[in-house]
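K.L.:
Construct the complete structure from the given sequences, taking the supplied hints into account.
Numbering of the sequence shown is given in this note's numbering, commencing with residue 150 and proceeding in unit increments.
No lab work stands behind these hints: they were computed from the structure.
Treat the numbers as computed from the prediction; the structure is a model and nothing was measured.
There could be a bad hint or two in this list.
Within a straight-line C-alpha distance of at most 30 Å, the following computed DSSO-like cross-link-like pairs (lysine-lysine) qualify [claimed, not checked]: (1) Lys-507 <-> Lys-616; (2) Lys-507 <-> Lys-405; (3) Lys-309 <-> Lys-154; (4) Lys-154 <-> Lys-317; (5) Lys-616 <-> Lys-405; (6) Lys-309 <-> Lys-321.
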Amino acid sequence: MGKYKQRDRIAQLVSWGHWFTFANIILCLLIGVFYLETALPAQTSIAAGYLMVSWLGHFAFLPFVFFIVLIFPLCLLVPYSRILRGYAAIIASIGIFALILDALFFRQYGFHLNTYSLTQLAADAEEWFAGGSFVMLLLLMLGFLVILGIELILANLTWKRHPQLQAKRIGKISAGVFIVAFIISHSSHIWADATLYSPITQQDDLFPASYPTTAKSLMTRHGWISVERFQSSHDRLTGSQQLAVRYPTSPLLCSKESVEHGVSVITFTTLSAESLARLNAEIPALTQHAQQHLGHRSVSDASYNLLFGTPDVYIESIRYQNLQPAYFNVLNDFAVTPNLFASAHFDSSELPNSLQSKVQPWQPSRLHGNNLQIIFAAENDIDSAITYLQNIPTNQRVIITGLVANSGLNNVLMPQAEHLQVPLLSMNMVLVPRTLSALEDIMPTALSSYMNCADDFRSFTNGVNLKETTREFPRVLSIKPYLYIFEANQTTVIDQNGEMQLFSVDGELMPGAVPPTPVFINSLRELQRFGG
Numbered sequence: 150m151g152k153y154k155q156r157d158r159i160a161q162l163v164s165w166g167h168w169f170t171f172a173n174i175i176l177c178l179l180i181g182v183f184y185l186e187t188a189l190p191a192q193t194s195i196a197a198g199y200l201m202v203s204w205l206g207h208f209a210f211l212p213f214v215f216f217i218v219l220i221f222p223l224c225l226l227v228p229y230s231r232i233l234r235g236y237a238a239i240i241a242s243i244g245i246f247a248l249i250l251d252a253l254f255f256r257q258y259g260f261h262l263n264t265y266s267l268t269q270l271a272a273d274a275e276e277w278f279a280g281g282s283f284v285m286l287l288l289l290m291l292g293f294l295v296i297l298g299i300e301l302i303l304a305n306l307t308w309k310r311h312p313q314l315q316a317k318r319i320g321k322i323s324a325g326v327f328i329v330a331f332i333i334s335h336s337s338h339i340w341a342d343a344t345l346y347s348p349i350t351q352q353d354d355l356f357p358a359s360y361p362t363t364a365k366s367l368m369t370r371h372g373w374i375s376v377e378r379f380q381s382s383h384d385r386l387t388g389s390q391q392l393a394v395r396y397p398t399s400p401l402l403c404s405k406e407s408v409e410h411g412v413s414v415i416t417f418t419t420l421s422a423e424s425l426a427r428l429n430a431e432i433p434a435l436t437q438h439a440q441q442h443l444g445h446r447s448v449s450d451a452s453y454n455l456l457f458g459t460p461d462v463y464i465e466s467i468r469y470q471n472l473q474p475a476y477f478n479v480l481n482d483f484a485v486t487p488n489l490f491a492s493a494h495f496d497s498s499e500l501p502n503s504l505q506s507k508v509q510p511w512q513p514s515r516l517h518g519n520n521l522q523i524i525f526a527a528e529n530d531i532d533s534a535i536t537y538l539q540n541i542p543t544n545q546r547v548i549i550t551g552l553v554a555n556s557g558l559n560n561v562l563m564p565q566a567e568h569l570q571v572p573l574l575s576m577n578m579v580l581v582p583r584t585l586s587a588l589e590d591i592m593p594t595a596l597s598s599y600m601n602c603a604d605d606f607r608s609f610t611n612g613v614n615l616k617e618t619t620r621e622f623p624r625v626l627s628i629k630p631y632l633y634i635f636e637a638n639q640t641t642v643i644d645q646n647g648e649m650q651l652f653s654v655d656g657e658l659m660p661g662a663v664p665p666t667p668v669f670i671n672s673l674r675e676l677q678r679f680g681g
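P.N.:
Structure below.
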């Protein structure tokens, strides 16, 4: 008799576990709506249908796995309802808590929870206000206790109402719907993956614990490559990808700095070792900086990147809209004139069309007070630059950079970042030692002498002020036809078909290595900040 009672008790607990799991499936489906809201608009009716059946199947499958792996064995080994209800409530609370946290994090950052994302969350909390990470921890603990209370209520309610629930047919019908949705979604994904049907495959990273993402699927989802590029490689190195620009992203809110000196930005198309040695010998006050300072592969792209501070994927949109650098109006409001000069041998047609009417011939002997002077010079005009530097006031701030590395000029066959390195020098300006800098950092550094902006210039540039200490890595740069993602211990180089190569800090190729998905997604989001 005792054996039959034991069997009946186990059967009752297993049946209760099904209903408790069903209640958590409903909770998961509700939480899953947060992910649906972040999904890209479905391009086709097939993609829209796939999204819905995937939502049903995926968020039904997650609680079911928890039941099979963590609760069902305990129904057989420890068939005591009070113990099992408490244990199941704790397990379900952990799962629901993690899912809610992941959903909120995904809405904010665009990637799912992992050790990197938790570190990112804590760092951002500290940036919001001092002690933010501690407050966040308290809120997380409170949230978990609330969820635990809800799960205990569900566990006890489904146990007490178990006889009534058993009499209902909704359980069998719902189970059938979830199973069919799960099968259809996975079958559809197999077909989409085989045929490269991007409206479905670009949803791979939408739900947690779903299909593994790749650089191609992420870049397709974020609009960086089209399905045609996904399918073929004939335009691998064309560098044709362009995005519409929204520049600046918001009005510049800047206050004027007290200025007792002018700032000169001198750029050379290229700067050879011989010319660099001459500069240092003739102008001892110059400081040459040892960090990896990156230029571009073309003078035209380099001048856009330096003046506007935005990635080169926006160049065509800037040209089409005939935009001018956002800081020009602010400088004029502060009674500071931004002067553009071209040396005798510099081809001014390389400069943005909207600014060519403002370009003046450079006269090295002529000074311009406390105004901003941006000088574009050919390497053949090195003597003019030396004359100019010898005549400027002793307190004049100077930044000197090359635009294109000699080895990187129009060379797309050498993707490594070291082939893009150009010299960086300064005078009367203390720059914080860094590992990496780029052309887009030049104007924020120069402008910091004239203005202080509420968002540290982020409304018009991806660059940073080299006079201030900021977090260096990870950092993303677009230098056509590649995207570069720099981390402290590796560099990822991605072409516009989503093919990637990873290099160590020593420049060695790392076969099979991939960047962390959160770093990859954050990099795409940073590049897309100015997307219109």
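K.L.:
Now tell me, hint by hint, if it's right for this structure.
P.N.:
Hints, verified against the model:
no. : hint                : verdict
1   : Lys-507 <-> Lys-616 : holds (28 Å)
2   : Lys-507 <-> Lys-405 : holds (24 Å)
3   : Lys-309 <-> Lys-154 : holds (19 Å)
4   : Lys-154 <-> Lys-317 : holds (24 Å)
5   : Lys-616 <-> Lys-405 : holds (17 Å)
6   : Lys-309 <-> Lys-321 : holds (20 Å)
Checked against the numbered hints listed earlier, the structure breaks none of them; every hint is satisfied.
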